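Quick mapping for you: the protein sequence lines, in order, are chains A and B. First residue of the first sequence: 1, per the working numbering; consecutive thereafter. First residue of the second sequence: 1, per the working numbering; consecutive thereafter.
It is worth saying that the hints were derived from the structure and are not from the lab. Bear in mind the structure is a predicted one, so any value in this text is a computation, not a measurement. Quick reminder that beta carbons are idealized off the backbone N, C-alpha and C, glycines included. The reader is advised that the hints may include incorrect statements.
Claimed, not checked - Keeping only pairs whose Cα atoms sit at most 20 angstroms apart, straight-line, the calculated DMTMM-like set for lysine to aspartate or glutamate is:
{"hint": "1", "chain 1": "B", "residue 1": "27", "chain 2": "B", "residue 2": "54"}
{"hint": "2", "chain 1": "A", "residue 1": "202", "chain 2": "A", "residue 2": "274"}
{"hint": "3", "chain 1": "A", "residue 1": "320", "chain 2": "A", "residue 2": "217"}
{"hint": "4", "chain 1": "B", "residue 1": "249", "chain 2": "A", "residue 2": "188"}
{"hint": "5", "chain 1": "A", "residue 1": "249", "chain 2": "B", "residue 2": "277"}
{"hint": "6", "chain 1": "A", "residue 1": "249", "chain 2": "B", "residue 2": "214"}
{"hint": "7", "chain 1": "B", "residue 1": "249", "chain 2": "A", "residue 2": "217"}
{"hint": "8", "chain 1": "B", "residue 1": "80", "chain 2": "B", "residue 2": "49"}
{"hint": "9", "chain 1": "B", "residue 1": "195", "chain 2": "A", "residue 2": "69"}
{"hint": "10", "chain 1": "A", "residue 1": "195", "chain 2": "B", "residue 2": "150"}
{"hint": "11", "chain 1": "B", "residue 1": "249", "chain 2": "A", "residue 2": "275"}
{"hint": "12", "chain 1": "A", "residue 1": "189", "chain 2": "A", "residue 2": "214"}
{"hint": "13", "chain 1": "B", "residue 1": "27", "chain 2": "B", "residue 2": "277"}
{"hint": "14", "chain 1": "B", "residue 1": "249", "chain 2": "A", "residue 2": "69"}
{"hint": "15", "chain 1": "B", "residue 1": "27", "chain 2": "B", "residue 2": "11"}
To be verified - Some chain A residues flagged as far from chain B (calculated, every beta-carbon gap over 10 angstroms):
{"hint": "16", "residue": "1"}
{"hint": "17", "residue": "98"}
{"hint": "18", "residue": "175"}
To be verified - Simulated restraints on C-beta separations:
{"hint": "19", "chain 1": "B", "residue 1": "26", "chain 2": "A", "residue 2": "301", "range": "50 to 56 angstroms"}
{"hint": "20", "chain 1": "A", "residue 1": "150", "chain 2": "B", "residue 2": "118", "range": "32 to 38 angstroms"}
{"hint": "21", "chain 1": "A", "residue 1": "262", "chain 2": "B", "residue 2": "47", "range": "34 to 40 angstroms"}
{"hint": "22", "chain 1": "B", "residue 1": "44", "chain 2": "A", "residue 2": "203", "range": "49 to 55 angstroms"}
{"hint": "23", "chain 1": "B", "residue 1": "196", "chain 2": "A", "residue 2": "68", "range": "21 to 27 angstroms"}
{"hint": "24", "chain 1": "A", "residue 1": "150", "chain 2": "B", "residue 2": "185", "range": "17 to 23 angstroms"}
{"hint": "25", "chain 1": "A", "residue 1": "154", "chain 2": "B", "residue 2": "121", "range": "38 to 44 angstroms"}
{"hint": "26", "chain 1": "B", "residue 1": "80", "chain 2": "A", "residue 2": "154", "range": "47 to 53 angstroms"}
{"hint": "27", "chain 1": "A", "residue 1": "195", "chain 2": "B", "residue 2": "43", "range": "40 to 46 angstroms"}
{"hint": "28", "chain 1": "B", "residue 1": "28", "chain 2": "A", "residue 2": "74", "range": "55 to 61 angstroms"}
{"hint": "29", "chain 1": "A", "residue 1": "150", "chain 2": "B", "residue 2": "174", "range": "48 to 54 angstroms"}
There are 2 protein chains.
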Amino acid sequence: MKTVFDTLGGDKGCANVVRGALRSLDKHDDLSVVFVGDENEINGVLKEEGRLGDSRIEVVHAPEVVTGEDRPTDAIRLKKDSSMIRSISILRTDESVNALVSTGATGTLTAAATLRIGRIRGIRRPALCPILPTMNGGIVGICDSGANVDVTPEMLLQFACLGSVYLETAFGIERPRVALLNVGTESEKGDGLRKAAYPLLKEEKTINFVGNMESRDLLSGKYDLIVCDGFSGNVLAKSTEGAAMLLLKRIKSDIMKKTTYKVGAMFLKKMFMEEKEFMNYQNYGGSVLLGCEKIIVKGHGSSNEKAVEVCSEQAYRMYKNGLLDKVSERAESCLASEEEK
Amino acid sequence: MKTVFDTLGGDKGCANVVRGALRSLDKHDDLSVVFVGDENEINGVLKEEGRLGDSRIEVVHAPEVVTGEDRPTDAIRLKKDSSMIRSISILRTDESVNALVSTGATGTLTAAATLRIGRIRGIRRPALCPILPTMNGGIVGICDSGANVDVTPEMLLQFACLGSVYLETAFGIERPRVALLNVGTESEKGDGLRKAAYPLLKEEKTINFVGNMESRDLLSGKYDLIVCDGFSGNVLAKSTEGAAMLLLKRIKSDIMKKTTYKVGAMFLKKMFMEEKEFMNYQNYGGSVLLGCEKIIVKGHGSSNEKAVEVCSEQAYRMYKNGLLDKVSERAESCLASEEEK
Chain A
1 MKTVFDTLGG
11 DKGCANVVRG
21 ALRSLDKHDD
31 LSVVFVGDEN
41 EINGVLKEEG
51 RLGDSRIEVV
61 HAPEVVTGED
71 RPTDAIRLKK
81 DSSMIRSISI
91 LRTDESVNAL
101 VSTGATGTLT
111 AAATLRIGRI
121 RGIRRPALCP
131 ILPTMNGGIV
141 GICDSGANVD
151 VTPEMLLQFA
161 CLGSVYLETA
171 FGIERPRVAL
181 LNVGTESEKG
191 DGLRKAAYPL
201 LKEEKTINFV
211 GNMESRDLLS
221 GKYDLIVCDG
231 FSGNVLAKST
241 EGAAMLLLKR
251 IKSDIMKKTT
261 YKVGAMFLKK
271 MFMEEKEFMN
281 YQNYGGSVLL
291 GCEKIIVKGH
301 GSSNEKAVEV
311 CSEQAYRMYK
321 NGLLDKVSER
331 AESCLASEEE
341 K
Chain B
1 MKTVFDTLGG
11 DKGCANVVRG
21 ALRSLDKHDD
31 LSVVFVGDEN
41 EINGVLKEEG
51 RLGDSRIEVV
61 HAPEVVTGED
71 RPTDAIRLKK
81 DSSMIRSISI
91 LRTDESVNAL
101 VSTGATGTLT
111 AAATLRIGRI
121 RGIRRPALCP
131 ILPTMNGGIV
141 GICDSGANVD
151 VTPEMLLQFA
161 CLGSVYLETA
171 FGIERPRVAL
181 LNVGTESEKG
191 DGLRKAAYPL
201 LKEEKTINFV
211 GNMESRDLLS
221 GKYDLIVCDG
231 FSGNVLAKST
241 EGAAMLLLKR
251 IKSDIMKKTT
261 YKVGAMFLKK
271 MFMEEKEFMN
281 YQNYGGSVLL
291 GCEKIIVKGH
301 GSSNEKAVEV
311 CSEQAYRMYK
321 NGLLDKVSER
331 AESCLASEEE
341 K
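All chains should be built: construct the whole structure from the sequences, respecting the hints.
Written as structure tokens, this is what we have:
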């Protein structure tokens, strides 16, 4: 198993990515890594960590950075020496490389991967699937969360199949409960897209479709996978994250206003820290771009060392559990009807 | 000013609606009300409150209830004696009635109002606009939040105009900062709908368009009005509410786990209660159905007395400040180009 790490583009810099990857490397004898980015910077970190010359570590110099401001098409065309585009090239051309972890710009990563890395046969469009924690201690996936903003009912069916295989393979969830994001739970709810997708999902035997879900129930623990177009999936994931983080921030600032509050907060410090960690969905893994012929994990831009480690572990687990083969197999059954059209 | 109250359909029952309305009635000498629902039940509450025979109060018997399970088209056709459909009829036919407050099923209310109450000239489709609190103590409106799930770029422009007039008239916000809900802040982001709506919003001189907004910034206080299709608006409003409420619930259950936490929470009790009230967006008013020829306020299903009072006050304020005339005026300029098509 060999994973390439795009070391630039995250908010916390190269050292953070390298150290997170090393943590993961130390766990598995059969893992090796390629660090792509500013060679001097990477080697500096490796020296500090006493890992220069490690036979399981390669370094590739590509110091340019793709940012969120770059238009994906421009970045792909003009920033060939960027860590992200070079990482994609390595993933594409080096057959010994199985996976990519990046904390860089989602738009360019998704576009470059879709264009450059082949899709698994039968898959129309790769989809992004982030993982969020649920209130009862479980997780829930959202597919698609932004790779495809304009979608068809058939694509929603594919997202359901892709996400189901992913949750089974990477998290051992058997027969994930799949729900369609909608404006109400009744079967006839929604816009034209949802109304057309509902019967397709209901008829598909290889998935465990449980009906429509209202967005307020996302974290309820009643569902394992939420199927949606990339636009509303993006709104769902980011507003949930945003609301929780802002509420914690408000509580923090409230506490500073009164001495009695400060005293109370001392007793609750551990609880608040645990809640903050709980809501920090980096801890649960990156967003996986499903449907490509290689494993691609997009970590949050603000990923810390631990979050990078989690992304790497996630990639390792998916590879070892044969995610790509399983998606191919499923594509034969679940998605076959699709291809016939 | 006369307001009709649909007393059934909310989670907390008729008495709650009647008492909330009475609170508002007591504030304004020029306000009168019509209570529609179960006559006996309404009169029972009025008797308890010592208000039987009050010349400013009318009671209309229509005891059937429209629920969230009813299909809107069926409810409109078959439940003519329901409090909601009868309230709409009164609003339509009685020229002395200016406004309707209901805490019942949103789908049926929206559909019945759209069908039965005329639209203001130039308005294609009425839109729902709920109000949420922002982190810095302000408010933000979301238009549309679910009345229209399939929309055009021109409709998004109308939502921007309608919402702007509403925030100016009901809340005194001058030149509301309007943002388009999108998957990123850059101008070229989004699906076909957003890409087509962006230039329309940018060119429209009567609104203060400030660009795209990512959903995580909804509560940041940087925007006064978020423009979106009803599908993603519904996702945005409900996931924000859901995440905040679930987080508070988790904190509450965490606190019960340890004695030290319980002690700390005693010091913070007031703060937690304030935060809960802060996040409870009922306190900021109901969702207004904008674009109809009369004022329609949809309160949250779980509205308590205070929330009903707030909805009634909101309707009163909009009427007194001439919302409907202002929408008509604006329709002449902002929406004129629309009608020409």
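Which numbered hints fail: 2, 3, 4, 8, 13, 14, 15, 21, 26 and 29
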